[in-house]
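Now for the letters of each chain:
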Amino acid sequence: MNTEKRIDCERKGLLKISNFRLPHHFMTVGLAIALLSVLMMFIRAFVLDGELEWLKLLLQKTLLVGMLIMSLSKDKIEDEMTMGLRSQSYAIAFIVGVIYSLVMPYVEYGVSNVVHSGGEVYKDLGDFQVLLFMLMIQLMFYHTLKRYR
Amino acid sequence: MENTIKVERAILNLTQDDLAKKIGVSRQTINSIEANRYVPSTVLALKLSNVFDKPVNEFFTLSEDDY
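Order-wise, the sequence lines are chains A and B.
Here this note's numbering is used: position 22 in the first sequence is 37, and no number is missing along the way.
Here this note's numbering is used: position 58 in the second sequence is 59, and no number is missing along the way.
Hint data in this document are derived by calculation from the structure and do not stem from the laboratory.
Careful, some of the hints might be misleading.
Unchecked claim - In silico DMTMM-like cross-links for lysine to aspartate or glutamate, where the CA-CA straight-line distance does not exceed 25 Å: (1) A:K76 - A:D142; (2) B:K23 - A:D142; (3) B:K48 - B:D19; (4) B:K48 - A:E95; (5) B:K22 - A:D142; (6) B:K48 - B:E35; (7) B:K22 - A:D94; (8) B:K55 - B:E65.
As the list claims (entries may be wrong) - One-sided and incomplete, this derived list gives chain B residues near chain A with beta-carbon spacing under 7 Å: (9) T30; (10) S33; (11) Y39.
As the structure is a prediction and not an experimental result, all values here were calculated from the model.
Every residue gets a Cβ at the ideal spot worked out from N, C-alpha and C, and that includes glycine.
Can you make the complete structure from the sequences, with help from the hints?
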């Protein structure tokens, strides 16, 4: 395989990955998984007894998977404009997510010190919090941009 | 960029939905193009050209802001 063919092959592979979308009905599947995860989180917190840390971690993962499925599923009519809006929403979510993960720990630290004298020690955000925020921003911006197109 | 898609569509007596179906996009995309909120790709412009049976530059023109 010569260099040109290899470059072409890599380009096609990258395009295939970047254009990957799930069929439209996966939106419902993703929404159901996300809603079920949130419901189970409430049940775990307020109904179930005992130390169920494993369930909390599992539900966090299923919530992220559900939202990722929603984010990757196609529209009823997927055209170049919706693809453009989707790219825009990913870019916004990435930038806002980075700003959020940089600023939010200081906000939490500051607020906790104002509310309780002494307050909490400074701690960074967890991966779940950042990923959830980014997926929420992406979905929210995508649907907002679509509404105002 | 300005366009006269609305006029061309009226000449052919097509609704936004009809035109959208002919070129495989959503009705909202046609609406956005007509309102100059979205500039379509060359592929889409050529599809419109096929439907209207006219060259692209007859219904898409550059505005002063584009220079």
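Hint by hint, here is what the structure shows:
{"no.": "1", "hint": "A:K76 - A:D142", "verdict": "holds, 11 Å"}
{"no.": "2", "hint": "B:K23 - A:D142", "verdict": "violated, 45 Å"}
{"no.": "3", "hint": "B:K48 - B:D19", "verdict": "holds, 14 Å"}
{"no.": "4", "hint": "B:K48 - A:E95", "verdict": "holds, 13 Å"}
{"no.": "5", "hint": "B:K22 - A:D142", "verdict": "violated, 43 Å"}
{"no.": "6", "hint": "B:K48 - B:E35", "verdict": "holds, 15 Å"}
{"no.": "7", "hint": "B:K22 - A:D94", "verdict": "holds, 11 Å"}
{"no.": "8", "hint": "B:K55 - B:E65", "verdict": "holds, 23 Å"}
{"no.": "9", "hint": "T30", "verdict": "holds, 4 Å"}
{"no.": "10", "hint": "S33", "verdict": "holds, 5 Å"}
{"no.": "11", "hint": "Y39", "verdict": "holds, 6 Å"}
Hints 2 and 5, counting from the list given before, are not met by this structure.
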